[in-house]
Amino acid sequence: MRLKLAALFVAAPLLALAAPTFAQSHDTPAPPSHPVVTTVPPAKDADVQSIDGIIAAIYDVISGPPGQARDFNRMRSLFVPGARMMPVGGKSKDAIGIRLMTVNDYVASSGPLLLEKGFHEKELARKVEQFGNIAHVFSTYEATIEKDNVTLRGINTLQLMNDGKRWWIVSLMWQAETPELPLPAQYLPAAK
1 MRLKLAALFV
11 AAPLLALAAP
21 TFAQSHDTPA
31 PPSHPVVTTV
41 PPAKDADVQS
51 IDGIIAAIYD
61 VISGPPGQAR
71 DFNRMRSLFV
81 PGARMMPVGG
91 KSKDAIGIRL
101 MTVNDYVASS
111 GPLLLEKGFH
121 EKELARKVEQ
131 FGNIAHVFST
141 YEATIEKDNV
151 TLRGINTLQL
161 MNDGKRWWIV
171 SLMWQAETPE
181 LPLPAQYLPA
191 AK
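Sequential numbering of the sequence shown, starting at 1, is according to UniProt numbering.
Quick caveat, the hints were computed from the structure, so don't treat them as lab data. Since the model is a prediction, treat every value here as computed from it, not as a measurement. Be aware that one or more of the hints could be misleading.
What the hints assert, rightly or not - Simulated DEER-style distance windows between Cβ atoms: (1) Lys165 x Gln186: 28 to 36 Å; (2) Asp45 x Phe131: 22 to 30 Å; (3) Phe131 x Ala69: 19 to 27 Å; (4) Glu180 x Leu115: 25 to 33 Å; (5) Pro112 x Val80: 23 to 31 Å; (6) Ser92 x Thr151: 37 to 45 Å; (7) Leu124 x Gly67: 25 to 33 Å.
Stated by the list, open to error - Listed below are the simulated SDA-like cross-link pairs for lysine to any residue, each with C-alpha atoms no more than 25 Å apart in a straight line: (8) Lys91 x Ser171; (9) Lys44 x Val80; (10) Lys44 x Lys91; (11) Lys91 x Met173.
Glycine included, every Cβ here is placed at the ideal spot set by N, Cα and C.
Given these sequences and hints, build the entire structure.
Now the structure itself:
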């Protein structure tokens, strides 16, 4: 099981199953693998009118059984043009890296795996800090890779912006829980 998790990059929220790129320089960003899209598909009002709505939408759009196509235009509609998705992880606590992706990079690398394996992710707890039109969300998740019978937990951290009409995801970074890095109590659901 542990080997299987390592092969899945230990950080499968939003299913970044492709291995992270650790060789990227901190000084020079890697060139985009495709042109930056300057327009986005129209969003559903319910998805973008509140922080609750946009968080629910991002979990919903990637979840589904094997063989169920995901609505990636809906996913694209949640993000500002040029937004980043960034899994953080590594093979050990001393070898941590980040993979910088656009939404289209994520769709290209993880979309086929979502379809093949089935993936379900749900929010367990949330902490929100907001000032005016910006918000930072720590969203604790539990994710299941259906065909592999693997369940993972971790934290998605999102930076959001409201342009006066709707909420946008500016960046989404995540890291999975490991035996060496358990989720802290403050990011877990409160005991009832």
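Each hint tested on the structure:
no.	hint	in the structure
1	Lys165 x Gln186: 28 to 36 Å	holds (33 Å)
2	Asp45 x Phe131: 22 to 30 Å	holds (24 Å)
3	Phe131 x Ala69: 19 to 27 Å	violated (38 Å)
4	Glu180 x Leu115: 25 to 33 Å	holds (32 Å)
5	Pro112 x Val80: 23 to 31 Å	holds (25 Å)
6	Ser92 x Thr151: 37 to 45 Å	violated (22 Å)
7	Leu124 x Gly67: 25 to 33 Å	holds (26 Å)
8	Lys91 x Ser171	holds (24 Å)
9	Lys44 x Val80	holds (15 Å)
10	Lys44 x Lys91	violated (39 Å)
11	Lys91 x Met173	holds (18 Å)
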